[in-house]
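Protein chains in written order, with this note's numbering: chain D, 1 to 817; chain E, 1001 to 1222.
One or more hints might be untrue.
Cut-off 16 Å, straight-line C-alpha distance, at most; resulting in silico cross-link-like pairs (EDC-like, lysine to aspartate or glutamate) [said to hold, decoys possible]:
(1) D:K111 to E:D1045
(2) E:K1059 to D:E110
(3) D:K33 to D:D20
(4) E:K1059 to D:E108
(5) E:K1049 to D:E110
(6) D:K276 to D:D348
(7) D:K659 to D:E618
(8) D:K160 to E:D1045
(9) D:K509 to D:E556
(10) D:K101 to E:D1045
(11) D:K276 to D:E318
(12) E:K1049 to E:D1005
(13) D:K534 to D:E582
(14) E:K1049 to E:E1179
(15) D:K519 to D:E561
(16) D:K16 to D:D51
(17) D:K520 to D:E561
(18) E:K1049 to D:E108
Derived from the structure by calculation, the hints contain no laboratory data.
Here is what each chain is made of, one letter per residue.
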Amino acid sequence: VYSVCGCCGALRPRYKRLVDNIFPEDPEDGLVKTNMEKLTFYALSAPEKLDRIGAYLSERLIRDVGRHRYGYVCIAMEALDQLLMACHCQSINLFVESFLKMVAKLLESEKPNLQILGTNSFVKFANIEEDTPSYHRSYDFFVSRFSEMCHSSHDDLEIKTKIRMSGIKGLQGVVRKTVNDELQANIWDPQHMDKIVPSLLFNLQHVEEAESRSPSPLQAPEKEKESPAELAERCLRELLGRAAFGNIKNAIKPVLIHLDNHSLWEPKVFAIRCFKIIMYSIQPQHSHLVIQQLLGHLDANSRSAATVRAGIVEVLSEAAVIAATGSVGPTVLEMFNTLLRQLRLSIDYALTGSYDGAVSLGTKIIKEHEERMFQEAVIKTVGSFASTLPTYQRSEVILFIMSKVPRPSLHQAVDTGRTGENRNRLTQIMLLKSLLQVSTGFQCNNMMSALPSNFLDRLLSTALMEDAEIRLFVLEILISFIDRHGNRHKFSTISTLSDISVLKLKVDKCSRQDTVFMKKHSQQLYRHIYLSCKEETNVQKHYEALYGLLALISIELANEEVVVDLIRLVLAVQDVAQVNEENLPVYNRCALYALGAAYLNLISQLTTVPAFCQHIHEVIETRKKEAPYMLPEDVFVERPRLSQNLDGVVIELLFRQSKISEVLGGSGYNSDRLCLPYIPQLTDEDRLSKRRSIGETISLQVEVESRNSPEKEERVPAEEITYETLKKAIVDSVAVEEQERERRRQVVEKFQKAPFEEIAAHCGARASLLQSKLNQIFEITIRPPPSPSGTITAAYGQPQNHSIPVYEMKFPDLCVY
Amino acid sequence: MSMEDYDFLFKIVLIGNAGVGKTCLVRRFTQGLFPPGQGATIGVDFMIKTVEINGEKVKLQIWDTAGQERFRSITQSYYRSANALILTYDITCEESFRCLPEWLREIEQYASNKVITVLVAPEVSFDITSITCISCRFVGNKIDLAERREVSQQRAEEFSEAQDMYYLETSAKESDNVEKLFLDLACRLISEARQNTLVNNVSSPLPGEGKSISYLTCCNFN
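Just chain E, with the same shape it has in the complex (with noise of 0.2 Å):
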């Protein structure tokens, strides 16, 4: 008997500098909408996505957090069960990467060293997330806006890759790559839960064990 509507349930949380343009990326993802003069977020925004990855239904919790110093304490509270984080900045603002190795910080502190991280810029920005331990990623959000650069993709990468993420620009205002973005941490997100299980046969929290792993061929990873 299965009253599950998801074969998998897995925490997103999107982390970094405040306007950088975290919820205009959830919105555009979960809504299909980009909200022309979004206001800061106030503590914690939650949405909810459930998606099919190879007839899979995979649902997004996505925690979207304030970037605001002063809603730190709260945010933080809320990587700690997170299974994966997206760390953004903006590529239009050097500051925004800048404060990326403090967010870093950040998460080896209160995040569960289980984590995926991405790093990733909307718009003309990047998101990066990044996977942790095992693989990041990370996001450069507002990449429509790319005339405006101060942060080459180069330098991203280069980061990202130091760090062991993922690294993804997207733009929410154009749709690009915010599919891809989540798509990809999803596919990602049950491969390692594939192997956890496959690890520790003894507890199998997730369902859905035993289909063939194919998540390979349905999306590809930059």
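Just chain D, with the same shape it has in the complex (with noise of 0.2 Å):
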């Protein structure tokens, strides 16, 4: 072995002799293990000789390689391996130049096993944790060389996967050797993620695709050793693990430029895939930015073909979903904002059919059905994004939504003409159709929080009703509230069953908040559902969710009160078929006729009052026997089978408000009430709409309150404010103060003074004086609430002249203390 060095090896420093020696005379020796040894050895005694060992190594090593003795290459890595290892942390560092320069040489050959053998001794390098700085050190090269490695085509296809191989280790390596790094943080400059990002994502998606061209079972134990794939992909994820919160960018950018550039939008699997795994691997604070930077880049192309927003959306709402276990907080509304915008621009693109709003000439590049999936693909990441937020939340979102559709009767002067309408009623219903999707499956204890009155307001306004297709949305959507039992599928189809225990429904006992929203609200719903009853344009389907709600409602949210309303409500829609003021069609009259008997069956049968349940019984057999187009398992079938003639209605055959109120005013229900026909009440827009003829039938209320607001829309009358209204009430005030100080005076004399017998009795007569007031109250709580407007409470011609509405109460002196 010293033969080698010849006769001046005397001469040599030590560290060189000791160098010179782990080489074997025939490199297929391999390593001199002894001498490695020694080497090693004085390495560790002599560290500050160290940068010595290392270049005089990395000497031999260029050499070598320059002069094709490949044998003694891979020993002078393996000595550097092996003194990289045994070395201590502190002095590393003199030794790191060259070593890297010796990756790097090797990293430059063509020879694919030198690269190999380059990027493992790196790799192992890298999995040291030093904990000195390196100043001086770059690894702009080995970004590079290790993402051009990446991309290797070399023609034998087991060397190719494995430079690639090499090459995503390398990168691996890299990026744990820099991320906690500070004086290397510049790896996630764009120049870096730009290079790195892309080589893992083509990997990723390379293989994938050579794998699902040949899935042959004979590869089968091969794949037991990991494919790029794989390694690309945990290489990623701790690329992303790694990401602070000023990262992210840098990171994701390039994966959304090479889904845009390798067109991976359409199909979506790998984008998908992508975005799972960053979402999973990223640390979870940051996955908003994330959301974020797929809006914007979903803004971005909002000019793109509609399957490549489709593809972003999707992958948006896989994203979503993820992030929203984690904080998405800032970015919610943000996000739907983003979403809904996308909507419109789609609506418009399709009805223009071209992006700038121009009709273009000739080419008409937008296909609509493409747009169409779009829109669906964003009603569908908007169901379900919303469906994992939590409640409160949701209602932000479901005002949010609310509050974007458009209403004609407020923008007429914007959108005119057919296109306007016609993109009107397309927002609308692609916003109703998001709004299905969030409401489903939404359980909110409170319905007051869940249908707040300016949400229900627009919900329920006629500007809704008219289209048909709308009006069924709307339909659906308050079921969708309301069911919070699931039990609306148990009302997918109407049929008067003689026994609905078979439907097994949930029930439970409607809570004190549910009193207090149907208090407040009921009456909008009724008059929504009475009216919707009335629309000539109905199909069974709105049959259909009008009795799913008329049901829901009687399950959900009933007491005795709703009870006896919702009876009177279906009497009186029962009275529009047989009237028919409107000239309903047969069709319309029978389906009304039927939905009464089934909506009656049902609430009789869960009021289990005997007698109610057998006058809706009695009335039930006998339209079996003599007029079975009354009944829905003769009307909502495919082919219905209706009378022509419906205007001699025998009364056996109705259902009777005075046996009704009879038989339940027995069973303690407010039987006044019952006697009462339904009449729904009216709201500012109806007066307003072109459904003048509703207005008409109570036509004297209407026109005493449309004086006072003649021809304004939606105007709530103010009181008129001027300096002189302002200084008489600085001026009352005054007075009243001075009264109420000598008031007080008095009655403190009076107490001071007066003899105990006599306050006491004064005091006696004051507690009857309250006794008979709280009397009075409770009285009044127990009717009906008194209406907001007086004249509607009239218009139920009930004498409630003694409910004295709350505010002008008069409290009892004794409270004033």
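Bring the two chains, given one by one in their own frames, into a single complex with the hints.
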């Protein structure tokens, strides 16, 4: 061995001799182990010599590479690795420079073996945790070269795979080495990320393609070795897992660009897979950044093909669901805003047939069905994202979407003409579809918060009732809000079951909040149902929805009062069919009869009042015999069997108000109220809309009220505030204060001077006064609530003169103290 | 103590439309062979060649990029650190010539502003490399297919002049002008490097300082 060094061996420095000695005469023999131990020992005992050892080793290695003596190259590398492992962290810095030079040299080589050898050494080095910062290291070349290796197109498949694997491992090494090193923070710079990320994605995607092309079972055992795709995935996860807040953007951007360039949004399988990897490996507190970037990308692509946009949206939906488990707080509404904006844009594109609003001649680039697909994807995304949100955020989202629904009555000036109307209608449909998605499965214990009044007002506005399709959506949305126990599907078909226990309904007692809700909003709901029933354009689906809505209200929100009101409502609907002021077609009239029968059948069994059940049963039986066309079983089928003549309906075929109030009154229901026919409450909107006819049915009140607000749309008549009124208010309040003070003085005086008996008697009288007042109040609260507008209560024709509105009530003096 | 086996190291990146012959050009230069039926490059390819100019070892790291659109994002990331760009088009393909302004825009956007660009037309192709800022070169490739020429030399020269690039027509197949392209480029890069070190002599990033600047004697520019 010594002879290698020749006669001058003794003259050479000790470290050189030690290094030379590790090389055997014949490279086939491999590293000379004993001498390697000597070298290691020397390096450890004299760490200051490490740099020279490294330099000399690398000099030898470079020479050997140049002379194609690859055996010695391998030995030098092995020695280097061993030294690296043996050295302590502090001293490693001295050595690293020459080490990296050697690795670079190997990587420069064209020989795959040397490339792989170099990479392996680099990976070993990367796994050493250094505790001292390194100032003068640059990994630019390594990133470039490893990325290039990831794209290897070597002719030999096996070698190609090996080189690619090496490339990925190398990148992983660079990431490991640099990511925690504050001095190497630039790994997150775009110039590196733009190389690393696409290289990993390329492998992730490429091998997947290869696998799907040749799913040969024979290769299965080989597959147990890690494939580049798996490795790339692991590396990507590691990379993303280490990304800090500021770096996420640089890491995600190349992904988006890569997906763009390789047109991988459609089919979106790979894109979804990528983002699943991203979302699951990224630190959860940063996941909203990813969502933001996706949203930004969607906006940037708003003129791309619908399929691309649909792909992005679908990825978004998958990602958002994952992100929602972390924090997406600040981006929630932004996300919905972007989605809804895209929805509107898409509607515009589909209508105009081009991306810039101007009608382009000849080339109709936009395919309507693709836009449709995109819209569906957006709606699905809205739904799936909303379903992951906590209740309070969902309500917010619901309100937000509702606020975007255009109301033509308010924007008549803006969108006129056929396209405008069409656009409005489509937008309404799309947004309502989104709402339906959001509301599905929305479990809110408190109806008040689920359906706040401003939301309900908009949803039930007549603007959304004229179009049959929109009307159906509104009904469905209401149903999905009200249905909190999953009873909806049990009422999907209208029928008159003789025993409803087969439905296995889940019923909870109506909670206090729900009672309050119904007190406040029931009239609105009833009115909506009533008016919806009268629509001529209804088809079977509408009646089914109406039936479902009635049934669910009775199950979810009913107390005695509501039951009574619902029965009145249904009887009023029966009247609509019978009197037929609206000239409804035969089908609609039969349908209304049938709807009434089905509902009364249900409610009678829910109330479990035997006499009531009896009456309903009798009527149904009679109808079965004489007029089956008035029962759901004959009407709501594919080919309804209708009677041409509905005018001579005999009284036995109808449900009679008097009879029902009689039997229910006997069971403690408010029969007075039952006697009154239902008349829908009017809103301002009715008066203003084209539906004059309804208004005219109660023309008296309309006139009275409309005098107050002639032709003014939804304007609250505001009190006129002038200087005079303000002055008056101030002066008045002073006077009142003085009176009050005087009164107080008198009272105090009285209690101070008067004898005990007098005071006691006085208080006794007051106590009885309080008692009577309280009685009065209780009476009022048991009765139906005084409607906000006095005229409506008058419309019921009920003598309610004694019910003093709460705010006018005088509290007994005793309470003042 | 010098561990370096070179005096200068330059990164050269080849860009241009798909199929104009970038890979062939590099192969011809680094390996001395013309690979018939060369497939499309995937992503990036890497070659290295050390040449000696005036006794100085110049190591050329050559990054050969894919011309295909889908790899554009990764190839762009390689422009940034390049010392020279060889912008290549095919003289038999009008389209590849017409895309040149687009490539120049990309260079402007992504490459460092000190980069040297050459326009090259290989085979009957030109190789254009242009040196932006200072000087440019441009290669028209495939000049061996001159009878199928679609882009006249004059047009290319005018273009490269206007863009301040060098222009050279090469043939990777016949090996015409290939050596010359890279050697000229190396000379140019050395002189650039020298100038830089003279201008700001505080930082001397390149070894081999102080030698006489005699590159003009070894290679003449067209």
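Right, here's what the structure says about each hint:
1. D:K111 to E:D1045: Holds - the C-alpha atoms of D1045 (chain E) and K111 (chain D) are around 14 Å apart, at most 16 Å.
2. E:K1059 to D:E110: holds (15 Å)
3. D:K33 to D:D20: OK: K33 (chain D) and D20 (chain D) at ~13 Å, within 16 Å.
4. E:K1059 to D:E108: holds (11 Å)
5. E:K1049 to D:E110: holds (11 Å)
6. D:K276 to D:D348: violated (32 Å)
7. D:K659 to D:E618: Holds - the C-alpha atoms of E618 (chain D) and K659 (chain D) are around 12 Å apart, at most 16 Å.
8. D:K160 to E:D1045: The given pair, whose Cα atoms are some 13 Å apart, holds under the 16 Å limit.
9. D:K509 to D:E556: Between K509 (chain D) and E556 (chain D) the Cα gap is close to 8 Å, so the pair holds against 16 Å.
10. D:K101 to E:D1045: Violated: K101 (chain D) and D1045 (chain E) sit about 21 Å apart, past 16 Å.
11. D:K276 to D:E318: holds (7 Å)
12. E:K1049 to E:D1005: holds (12 Å)
13. D:K534 to D:E582: holds (8 Å)
14. E:K1049 to E:E1179: holds (12 Å)
15. D:K519 to D:E561: The hint holds at about 9 Å.
16. D:K16 to D:D51: Roughly 12 Å separates the two Cα atoms, so the pair holds.
17. D:K520 to D:E561: Measuring from Cα to Cα gives roughly 13 Å; hence the hint holds.
18. E:K1049 to D:E108: Holds: K1049 (chain E) and E108 (chain D) sit about 9 Å apart, inside 16 Å.
Against the hints set out earlier in the document, violations occur for numbers 6 and 10.
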